[in-house]
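Chemist: With the sequences and hints as input, model every part of the structure.
Taken in sequence, the protein lines are chains A and B. For what it's worth, this note's numbering labels the leading residue of the first sequence as 123, then goes sequentially. For what it's worth, this note's numbering labels the leading residue of the second sequence as 43, then goes sequentially.
Since the hints were derived computationally from the structure, they do not count as laboratory data. There could be a bad hint or two in this list.
Said to hold, decoys possible - Mimicking DSS-like on lysine-lysine, the simulated pairs with C-alpha atoms at most 25 Å apart in a straight line are:
#1 A:K432 <-> A:K471
#2 A:K428 <-> A:K459
#3 A:K154 <-> A:K276
#4 A:K325 <-> A:K359
#5 A:K390 <-> A:K459
#6 A:K276 <-> A:K476
#7 B:K89 <-> B:K139
#8 A:K325 <-> A:K286
#9 B:K139 <-> B:K177
#10 A:K325 <-> A:K357
#11 B:K245 <-> A:K349
#12 A:K276 <-> B:K89
#13 A:K286 <-> B:K177
#14 A:K476 <-> A:K435
#15 A:K276 <-> A:K286
#16 B:K177 <-> B:K89
#17 B:K177 <-> A:K276
#18 A:K476 <-> A:K349
#19 A:K419 <-> A:K471
#20 B:K89 <-> A:K286
#21 A:K286 <-> B:K139
#22 A:K210 <-> A:K435
#23 B:K89 <-> A:K349
#24 B:K245 <-> A:K276
#25 A:K286 <-> B:K245
#26 A:K276 <-> A:K450
#27 A:K479 <-> A:K435
Stated by the list, open to error - Label-pair ranges, simulated between beta-carbon atoms:
#28 A:T158 <-> B:G138: 44 to 50 Å
#29 A:Q187 <-> B:G183: 58 to 64 Å
#30 B:A165 <-> A:N261: 31 to 37 Å
For every residue, glycine included, the Cβ atom is placed at its ideal position computed from N, Cα and C.
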Amino acid sequence: MRILLAPIMITPTKPLTPSHLKALLWLDALWKATATLHDVNCELNRRTCDITLQTCGFWAFLDQQYPNIDYQKENETSIGHRYVEYHKQSSHLDLERVLRYRNMTDQEGWLHPAGMRILQDWQKHLNILQLDNISRYTNSVLPLTAEAVINILKERDCLLDLRKLEAGAYLDFTEQGIPLRRIVDNTAVDNYIICVLRELLHKAAQYDLTLLMYDNALDTDYMLIEKVLNICGAKTKRLSLGRVPLDGITQSSRAGGWENYSLENLYKTYRAEYGEDAVRLGLRIYFIADLCRNSNKSFSFSGLEKAYAKAAKLLALNIVPAPALEFKNMLSQSARKTGYVNPYNIVAKLYSKKIDKFAGSIINTLL
Amino acid sequence: MMINNNFQEKLRTHLKKRLDASHRSVKCLDTMPLVASMASISEHQQKLQTIVVLSNFEISAYVNNCLIFLSKLTEHALIDWYHQFTTTIFLIGNIGKLASSVTFLHIAEDGSSGWCAPASPLAWRQQTRILKQFKSMQTLGRHEYSINTSAYCDSASSNGVSSVLQIAVRGLTLNQYLIHLNHAICEIYIMGLLKTTTTLIIKNVEDIVEVTETPHYVRVHIDSEIPDQLRAYALLSIEKQ
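Modeler: Have a look at this one:
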């Protein structure tokens, strides 16, 4: 079975927050565990998110407001603060500049120096946390143009096209009682849904299963994306993850509030105390088994530290892995209904008081 | 634009006449600022709403379909429409996909528009949930459209009589234009002003700068660019060819 993992990409505009880390750890664990059963590919083309207005708009804002910054002297946090500022006053943006940046990114893979700087910081985190697969993102030309996607949607009778009246274009599944969703605005600019479809529309049908992974705030949009992929012949499943509340508040990183929760704060001071591997495993235990897929539990440093302690204890036991075939059978059982291994099902086994017979194999798979 | 107080006064008189014809209390027009008084009046006139679903828009086709739709309404419904200033909500949608959720009274032959009979605003909750309001920033230029209205004409002696409906388009977006056009077409039909003409010419002009004491029909509303002023948005004159 050939499986394509299609996670929504994170725009390089702010520091990675606990919500982002959760998404990355889930993807990594799912990828590694499912790959023991099936042929798994992951679509990690940065360009789908780099060309969004959210990203290019921010870059245009930076050059308008702060034209002389040396971004090598900046870091993800300082750039992230400007991102929060941008969202507070983006109404005065020079649209022509935004679209010029967008075009350069779309055609040539251009990245603003601020974006490059942030990716450097992320790369450092991903290496430390052994998220190597995920760090090997690509920056490739999208297989389809926006116009090609629109034509396919028209052919499949799921597009309401009022562009010639300057009234946008919409995904249309109203016959199923689903509200219209705008995908091209009144000024003929397409949104992120088109970007995702440009990447996946042809590719997804080449796999036996495409798993769409995204933040649960985008559930409605991804339900529509899935419908489009399905009518174009792809078999799909969706896996949405809840954001991690910070201090009891669940919000997008554009609103700020992440200052005390940088990734570095989450692992730096603990590496000396618990060791590199315990931190790597502890983060997986905490973000996958403790915070679960959709928990409302706020991020807590004490919870994280407990997971580090648990991980250190497990690693100290040097648990012998189960026979490969038995482990594979267990994973197959877990993937029976969905086609992929749900990371929670395996990582939760590390959480129990009694040492699970597959604990050693699970640890080896995750790290 | 220069403000002409006499013209403003004239427009105010026409607006009052229109409100009087609908038995609206118009005292507030003399006592409150214009925007507030119009808001106060419209608050009391939300008893009937209708929806038009569009998947395309072309002026002649729109007017033709609007007239066919009106001709399908009962006399009673037309009187109610006029008295209650029935609001039309312009939604976008694919008519072919809405058969099970919307009951249209009239659907354009090419499927570009669908029209529902007026009802309480509550009747349209489902439609307004799944469809979107028509919003277009497109602007319109000066142009004329000729529409054959002989199907609505009563008298054979009216052959060769045409009516000209001027619409002031300066500063209007397409969806603002649509509101004025739709109101004007509905009202001149209900007032029976098409019964004596065989051709309706829609004439998009920059501004309507003159209105006679007794025009056949004039649509006056708050000027969207100068909210404390009135503006004539539509004016009908009937002329022998």
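Chemist: If a hint holds in the structure, say so; if it does not, say that too.
Modeler: Quick rundown of the hints versus the structure:
| no. | hint | result |
| --- | --- | --- |
| 1 | A:K432 <-> A:K471 | holds, 12 Å |
| 2 | A:K428 <-> A:K459 | violated, 32 Å |
| 3 | A:K154 <-> A:K276 | violated, 38 Å |
| 4 | A:K325 <-> A:K359 | holds, 15 Å |
| 5 | A:K390 <-> A:K459 | violated, 39 Å |
| 6 | A:K276 <-> A:K476 | violated, 56 Å |
| 7 | B:K89 <-> B:K139 | violated, 28 Å |
| 8 | A:K325 <-> A:K286 | violated, 30 Å |
| 9 | B:K139 <-> B:K177 | holds, 20 Å |
| 10 | A:K325 <-> A:K357 | holds, 11 Å |
| 11 | B:K245 <-> A:K349 | violated, 45 Å |
| 12 | A:K276 <-> B:K89 | violated, 38 Å |
| 13 | A:K286 <-> B:K177 | holds, 12 Å |
| 14 | A:K476 <-> A:K435 | holds, 12 Å |
| 15 | A:K276 <-> A:K286 | holds, 15 Å |
| 16 | B:K177 <-> B:K89 | holds, 24 Å |
| 17 | B:K177 <-> A:K276 | holds, 21 Å |
| 18 | A:K476 <-> A:K349 | violated, 43 Å |
| 19 | A:K419 <-> A:K471 | holds, 20 Å |
| 20 | B:K89 <-> A:K286 | violated, 34 Å |
| 21 | A:K286 <-> B:K139 | holds, 21 Å |
| 22 | A:K210 <-> A:K435 | violated, 46 Å |
| 23 | B:K89 <-> A:K349 | violated, 39 Å |
| 24 | B:K245 <-> A:K276 | violated, 34 Å |
| 25 | A:K286 <-> B:K245 | holds, 22 Å |
| 26 | A:K276 <-> A:K450 | violated, 44 Å |
| 27 | A:K479 <-> A:K435 | holds, 16 Å |
| 28 | A:T158 <-> B:G138: 44 to 50 Å | holds, 48 Å |
| 29 | A:Q187 <-> B:G183: 58 to 64 Å | violated, 38 Å |
| 30 | B:A165 <-> A:N261: 31 to 37 Å | violated, 52 Å |
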